[in-house]
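Use these hints to put chain F onto chain L, whose structure you have.
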Amino acid sequence: MLEIRDLHAYYGQSHILHGVDLDVQEGEIVSLLGRNGVGRSTTCKAIMGLVPPQGSVRYRGKELAGLRSDMVAQSGIGYVPEDRQIFPTLTVRQNLELGLKKAGKFGRWNFEDVYRLFPNLANRQNTAAGVLSGGEQQMLTMCRTLMGDPDLILIDEPTEGLAPKLVEQVGDLLGEIAKRGVSILLVEQKLTIALRISRRLYVMGHGRIVFEGTPDDLANNAGIRQEWLEV
Amino acid sequence: MEIVIVSLLNGLVYGMLLFMLASGLTLIFSMMGVLNFAHASVWMLGAYFAYEVSRFIGFLPALIIAPLLCAAVGAAIEVWGLRRVHHNGHVAELLFTFGLVFIIQRSVQMIWGMLPMPYRVPAALDFPLFTIYGANFPAYRGFMLFISALMLLAIWLMLKKTRIGLIIQGALTHPNMVSSLGHNVPLVFTTVFAGGCGLAGLAGVIGGNYLVTESSMADAMGPIVFVVVVFGGLGSLGGCFIASILMGMIQTFAVVIDASIGDVLKPIGIALSSETLLGEILTVPMARIGPLLPYLLMVFILLFRPRGLMGTRDT
Numbered sequence: 001m002l003e004i005r006d007l008h009a010y011y012g013q014s015h016i017l018h019g020v021d022l023d024v025q026e027g028e029i030v031s032l033l034g035r036n037g038v039g040r041s042t043t044c045k046a047i048m049g050l051v052p053p054q055g056s057v058r059y060r061g062k063e064l065a066g067l068r069s070d071m072v073a074q075s076g077i078g079y080v081p082e083d084r085q086i087f088p089t090l091t092v093r094q095n096l097e098l099g100l101k102k103a104g105k106f107g108r109w110n111f112e113d114v115y116r117l118f119p120n121l122a123n124r125q126n127t128a129a130g131v132l133s134g135g136e137q138q139m140l141t142m143c144r145t146l147m148g149d150p151d152l153i154l155i156d157e158p159t160e161g162l163a164p165k166l167v168e169q170v171g172d173l174l175g176e177i178a179k180r181g182v183s184i185l186l187v188e189q190k191l192t193i194a195l196r197i198s199r200r201l202y203v204m205g206h207g208r209i210v211f212e213g214t215p216d217d218l219a220n221n222a223g224i225r226q227e228w229l230e231v
Numbered sequence: 001m002e003i004v005i006v007s008l009l010n011g012l013v014y015g016m017l018l019f020m021l022a023s024g025l026t027l028i029f030s031m032m033g034v035l036n037f038a039h040a041s042v043w044m045l046g047a048y049f050a051y052e053v054s055r056f057i058g059f060l061p062a063l064i065i066a067p068l069l070c071a072a073v074g075a076a077i078e079v080w081g082l083r084r085v086h087h088n089g090h091v092a093e094l095l096f097t098f099g100l101v102f103i104i105q106r107s108v109q110m111i112w113g114m115l116p117m118p119y120r121v122p123a124a125l126d127f128p129l130f131t132i133y134g135a136n137f138p139a140y141r142g143f144m145l146f147i148s149a150l151m152l153l154a155i156w157l158m159l160k161k162t163r164i165g166l167i168i169q170g171a172l173t174h175p176n177m178v179s180s181l182g183h184n185v186p187l188v189f190t191t192v193f194a195g196g197c198g199l200a201g202l203a204g205v206i207g208g209n210y211l212v213t214e215s216s217m218a219d220a221m222g223p224i225v226f227v228v229v230v231f232g233g234l235g236s237l238g239g240c241f242i243a244s245i246l247m248g249m250i251q252t253f254a255v256v257i258d259a260s261i262g263d264v265l266k267p268i269g270i271a272l273s274s275e276t277l278l279g280e281i282l283t284v285p286m287a288r289i290g291p292l293l294p295y296l297l298m299v300f301i302l303l304f305r306p307r308g309l310m311g312t313r314d315t
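From first to last, the protein sequence lines are chains L and F.
No gaps in the numbering here: position 13 of the first sequence is 13 in this note's numbering, and each next residue is one more.
No gaps in the numbering here: position 4 of the second sequence is 4 in this note's numbering, and each next residue is one more.
Okay, chain L solo, but in the shape it has when bound:
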């Protein structure tokens, strides 16, 4: 479904991605692991066209490299950024509405789904999103992207800074997303969720993929974990 070949990206003069190769199949949950600053977020941004990508990003046979972000989104990829970027002055409901690609055009997800999964958001749907707690904002960000009914969703560090109970909720939502047939590319630093739900994992270091395998492969490979993941 998604095939990335020899992807390079730059921030100004600095070379961030040094030829990344990565695949996501239909219906698959794939995790992209690694320490801070190794290029995981940049990989997502390069796929979305938010950072100019060099190399090939093919999605269902169509080349995405060079397209504007809205065209990438329109072709069926959703993006949940690490810094959430909720619209603080708009209400919860308006945030969700902006996730819709066309007014009133619902796919796998609608307002009721979101409100059933997260009653907190239902109670506060007319509240300005800027006053929500960090956890609620994270749920809102993910749901906002889901409203656009992507077939593949890139989720950047959804559990960062969340309490353990909320991390569980994020895990449940990821399961619900997968159940509805949406493929996931999950960027994470914590191993727990990634090992539990992923079919395959990639580990990044210094702008390259340094490991690819199943959760079992990674669990058995202490060397990779020590060198590239553990602090």
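Treat the hints as calculated values from the structure; they're not laboratory data.
Only a predicted model underlies this, so the values are computations on that prediction, with no experimental measurement involved.
Heads up, a few of these hints could be off.
[What the hints assert, rightly or not] Covered by chain L, per the in silico footprint, the following chain F stretches (three or more residues, Cβ under 8 Å): (1) 40-51; (2) 173-180; (3) 184-190.
[Said to hold, decoys possible] Below, simulated DSS-like cross-link-like pairs (lysine-lysine); rule was C-alpha separation at most 27 Å, straight line: (4) F/161 - L/101; (5) L/105 - F/160; (6) L/62 - L/165; (7) F/160 - L/102; (8) L/102 - L/62; (9) L/105 - L/179; (10) L/101 - L/62; (11) L/190 - L/179; (12) L/190 - L/165; (13) L/102 - L/179; (14) L/165 - L/179; (15) F/160 - L/101; (16) L/105 - L/62; (17) F/161 - L/102; (18) F/161 - L/105; (19) L/179 - L/101.
We treat Cβ as the ideally placed atom computed from N, Cα and C, and that holds for glycine.
Showing chain F alone in chain L's frame:
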């Protein structure tokens, strides 16, 4: 008393005119990060277009045609100009709009000359609407208030009640996110730029005959509109509105106040001779400091509240 009421009304008329210009500029500035120096130049074009159209087919058609022409000019500037220099950064964009100011001014001078245009208030609106304390309030000023109030309502409805308004509001804070959700942000930018220029054009139509239509009118209006935008704060139309009305009031009231700061200090026992430097400054009548006041206010607000009155973010 009559001075207060008449000045209040005049201040409101001028303030609403400022808002018509500043609202477009603040939307463009907040969304695209472009401080469009040429905004007041488009306002001037609006006045000249209105003069030409009203000469041939009348004032009412001019009220519609001139803003549309200005919107078209705005769309052209955005698509063929700004979008191309955009990837070279904000400084390039700034210089580009700065250059436009001169191009538009010279073009206007080449086509229409340096002398003021005989663009007058239409005869149908040239009568006193009412008289307070012996002073006439011209019907045309009432008409200006009506048009600007209508415009205010239209902007508000567009931003709060329509989907494009929702997308614009989102793009005010996180344009990249709006784009990642599948909305065509460049198209939204062009729409906002054209809309802002159209509003400036409308202000030109109703302001050109209220003030004077001449090739230096943009130079006079440009700086004060920037003050309004900075004072009101980025990303806030509410702040922009308050700042516009405030500047309108300050400018009209200052002209009619003959007292100086020194006169206020005298009754409380502080007398200053005009021979010292400070004394000299304090004895200048308000009417003469008036034009300076908006800029002083801007300096103060930048010192104590850098985001402006109601700004939601930094530049």
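> Against which earlier hints does the structure fall short, listed by number upward?
Replying inline: 1 and 6
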